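J.: Here the sequence shown stands for residues 1 to 332, numbered as in the numbering used here.
Incorrect hints may have been included.
Claimed, not checked - Okay, derived cross-link-like pairs now, DSSO-like style, lysine-lysine, Cα gap no bigger than 27 Å in a straight line: (1) Lys283 to Lys128; (2) Lys283 to Lys326; (3) Lys128 to Lys315; (4) Lys128 to Lys326; (5) Lys326 to Lys315.
The hints are simulated quantities; they were obtained by calculation from the structure and are not laboratory data.
Quick caveat, the model's predicted, so the values are computed rather than measured.
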Amino acid sequence: MTPDLFAAAPDPAVRAADLRALLHHHAHRYYVLDAPEIPDAEYDRLFQELQSIEREHPELLTPDSPTQRVGGKVLDGLMPVRHVVPMLSIQTETDTTSGGAEAFDARVRRELGLTATESLVEYAAELKFDGLAINLRYVSGVLVQAATRGDGETGEDVTQNIRTIGQIPLRLQGDAPEILEVRGEVYMRRDDFERLNERQREKGEKTYINPRNTAAGAVRQLDPAVTAQRPLSFFAYGLGAVRGWTLPATHSGLLDALAAFGLPVCEDRCVALGAEGLVAFHKQIEVRRDALPFDIDGVVYKVNSLALQRELGFKTREPRWAVAHKYPAQEQ
């Protein structure tokens, strides 16, 4: 069949929307799932096509466009952000033995009024990442703001810098809530940190001390172009403000839901039953700690049922339903 030389060109608005959806999909495959479907060169070609359309039709530019990850202006300072839901810390259990897990379970059972013969409490057990806590605010599925924890009540606006992190979606997948605030940790993998320091040495420049401080410093940069040069990663682990979404019944179900929205969630987690399950998880992760691709300084236990979390409530500024169980400090 002879091609129609007079066929209408694709509508720029339709093509731009298609390209954004394609690029979001492939970024999620690459950064979050570590399972790319196309070569880097093909991704770059699609990216450049979208850039070209947006240059010719600036009215088609959207805040969630993949082209907007880098390019924000240098700031004079970081603006304060008042958290809608405070970013509270959790209690730290400094007993690094199995006794720490057993003490937490005993405390939860006591506060729930459970006797020794009643059923075991179900917990969500996960890693305690050694990075910088962040709140991501999505409105109708689009990332509109990112803020540091700060003092728990007020943090700093680091939206421009957070947008440079490829793992963090600019638009959520699926049917996103009207408002969804996601809490998580920005961190730096050990291999990325070593490569970064190797580049510093090659340039004859000062090397960085550790992954945590390097990640925290990168997030608080005034120039997002500098942040974009730092190999940062992210894990989601909780929620802030939510509107227009029926929450899952459990914390583990919540993490599964966040993953379905396209957010990176650590797979090194489990649902543990009672003190015995917590102790087993603590020991398992301690054995694997040095082999993990990122630094941790402990594990976190949370009562899995969100209804029981609400029943347990808070003590001063800490939830009664969660604890961070530390490991002995490692030599640097």
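J.: Which constraints among the numbered hints does this structure fail? Numbers only, ascending.
T.: none
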